[in-house]
Every structure is written in C-alpha cells, then in structure tokens.
Amino acid sequence: MATNSPIEWTEATWNPVGGCTILSPGCTNCYAMRLARRLEAMGQPKYAGTTRVSGGRAKWNGKIVLDEVALDIPLRWKTPKIIFVNSMSDLFHEKVPLEFISKVFDVMQRARHHTFQILTKRADRLSDVADRLPWPNNVWMGVSVESEDYTDRIDHLRSTPAFVKFLSLEPLLGPLDKLNLTGIDWAIAGGESGPAARPMNPDWVRSIRDQCVKAGVAFHFKQWGGVQKKQTGRVLDGRTWDELPKRTMAA
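Residue numbering for the sequence shown is 1 to 251, as defined by the numbering used here.
Keep in mind that a hint or two might mislead.
Claimed, not checked - Think about it this way: if two alpha-carbon atoms lie no more than 16 Å apart in a straight line, the pair counts; the simulated EDC-like pairs of lysine to aspartate or glutamate are: (1) Lys-103 <-> Asp-67; (2) Lys-63 <-> Asp-106; (3) Lys-178 <-> Asp-210.
Said to hold, decoys possible - Computed spacing ranges between beta-carbons, pair by pair: (4) Glu-99 <-> Leu-236: 14 to 22 Å; (5) Arg-247 <-> Asp-106: 32 to 40 Å; (6) Lys-78 <-> Thr-182: 19 to 27 Å; (7) Arg-247 <-> Arg-34: 15 to 23 Å; (8) Pro-161 <-> Met-42: 22 to 30 Å; (9) Pro-45 <-> His-113: 25 to 33 Å; (10) Lys-78 <-> Asn-201: 27 to 35 Å; (11) Asp-106 <-> Gln-231: 36 to 44 Å; (12) Ala-48 <-> Pro-161: 35 to 43 Å; (13) Glu-94 <-> Tyr-31: 18 to 26 Å; (14) Pro-25 <-> Gln-228: 16 to 24 Å; (15) Gln-44 <-> Arg-206: 39 to 47 Å.
Everything labelled a hint here was simulated from the structure, so no lab data went into it. By construction, the Cβ of each residue, glycine as well, lies at the ideal position given by its N, Cα and C atoms.
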C-alpha cells in the first residue's frame, strides 16, 4: 500500500482488490497492468496470475483477487489522508461480489478521518448497486471518461447518492466539448503516459478547463503525458491547475 502516492490528485492508495479486465480504449496502456506484472515478479501473491503477456506487454487476464487482509489498512492509518481506492483494479468489476464491495464501504464509513476516492469505468454496475451501499460524506465517487463514446458513464454517476462526484478524463483520447457537468464537483484531465502513449491535443484540455470554469466545477490538470511525462510537465497556459472540490465531508 502506498502512503506517498505519485498520483498528483491523491495522497495514498489502498488496494483491497487486485486484477482487472480491459474494458474500453482507455485501458489499452493501463499502468496497473505493467505494475501488477512487476509486483508478481517481486513475489507479491495478490497479483500472481492476474496478467498475461501479449505482444511483449502485460495484459489483464480477468483474474480478480479479493484481499480480506488489506481491508482494515485505512483503520490503522491514524493521520488523515486522501486515499485512492483500488488504483490496481476496479471496485465495481463484475467479479467483485456486492458483499465485498459492502465491506470496503463499511471500512470507509468507519474511517471517517480519511477521504476516499473511488474511480470506476463500470458505471452501469455502480448505478445498479448504489442504493444498496452506505454513502458517507468522506467517500468521493468518480468515473473515467476517455472520449465522447463513454460520456454515458457520467449519467450513471449522477444517479448515485455520492456526496462528491468527480470525473477522470484521462487518458484523454478525444475531444469532450459538450460535457454535461450538472451535479459534478470535480474534473481531472490528463494525457496518457508511458510506453506507446497516445497523443493528446492541447485544445481538448482547454475545452474541458473552460467548461469547468463556466460551470463552477473544480478543475485539475494532471499531466501532458507522453513517453517521458516529467519532461512534458503539467503547466497549462502558464499555470498549474490543482483545484479541489468545493464541497467537503464536513457538511
């Protein structure tokens, strides 16, 4: 578990689930597949057999591991943190039973001193089970949208009782010029990074930023991306954008 996450918009990661399945184009170069392969090689049993090698690259093979031992980790972290839930999987994967999802939510409800960020591409399942889960104010729920073909995920997110709702518009693979930001508190945008990173048009990011500013939605620009993301940085039109949702869990 990472307590100093390199992900720009969070502070720590918590992975009670390991493994996933490629679902849409945004998954093609997923960093978690490569990392899972390395973690397996390092002897971490959670990721054993969760990937296969295809074309010389690690790919998810659909194996899902439920890590009961990891469930209580946030309860042992006494200092308040912003925690990304399942950076190495998708909590709403079809192979994760509702009973286990409920256990994760129970921990988040008990660990009220932390803020939890959940992100899914399986927004249809999210909306199907949302009314059977507790939604404490310290849980932020988000969906990934990489192109216009997947904006329906936003509607599913909007239907949930989550106190803070956010969008991860990364890896951004096309323009999103007509976003419906009603009920959305935060938007993260960024280009793809790592081997075989696909290019991102700067105007795609500017359009999202301008829509967020107009709608009063907090905007975070994560990175330009590319093979060497540190070189391209994250400055957009002369500044960095690190806004956070205006609502807090105290309400």
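These are the hints, each one checked on the structure:
1. Lys-103 <-> Asp-67: Roughly 11 Å separates the two Cα atoms, so the pair holds.
2. Lys-63 <-> Asp-106: Distance ~24 Å between Lys-63 and Asp-106 Cα, so the pair is violated.
3. Lys-178 <-> Asp-210: Holds, at roughly 11 Å.
4. Glu-99 <-> Leu-236: 14 to 22 Å: Between Glu-99 and Leu-236, where Cβ atoms are some 43 Å apart, the hint is violated.
5. Arg-247 <-> Asp-106: 32 to 40 Å: For Arg-247 and Asp-106 the Cβ distance comes to about 23 Å; the hint is violated.
6. Lys-78 <-> Thr-182: 19 to 27 Å: The hint (19 to 27 Å, Cβ to Cβ) is violated, given that Lys-78 and Thr-182 are roughly 38 Å apart.
7. Arg-247 <-> Arg-34: 15 to 23 Å: Given range 15 to 23 Å: violated, Cβ gap about 35 Å.
8. Pro-161 <-> Met-42: 22 to 30 Å: 39 Å Cβ-Cβ, so the 22 to 30 Å window is violated.
9. Pro-45 <-> His-113: 25 to 33 Å: 30 Å, holds
10. Lys-78 <-> Asn-201: 27 to 35 Å: 44 Å, violated
11. Asp-106 <-> Gln-231: 36 to 44 Å: 43 Å, holds
12. Ala-48 <-> Pro-161: 35 to 43 Å: Between Ala-48 and Pro-161, where Cβ atoms are some 36 Å apart, the hint holds.
13. Glu-94 <-> Tyr-31: 18 to 26 Å: 22 Å, holds
14. Pro-25 <-> Gln-228: 16 to 24 Å: 22 Å, holds
15. Gln-44 <-> Arg-206: 39 to 47 Å: 40 Å, holds
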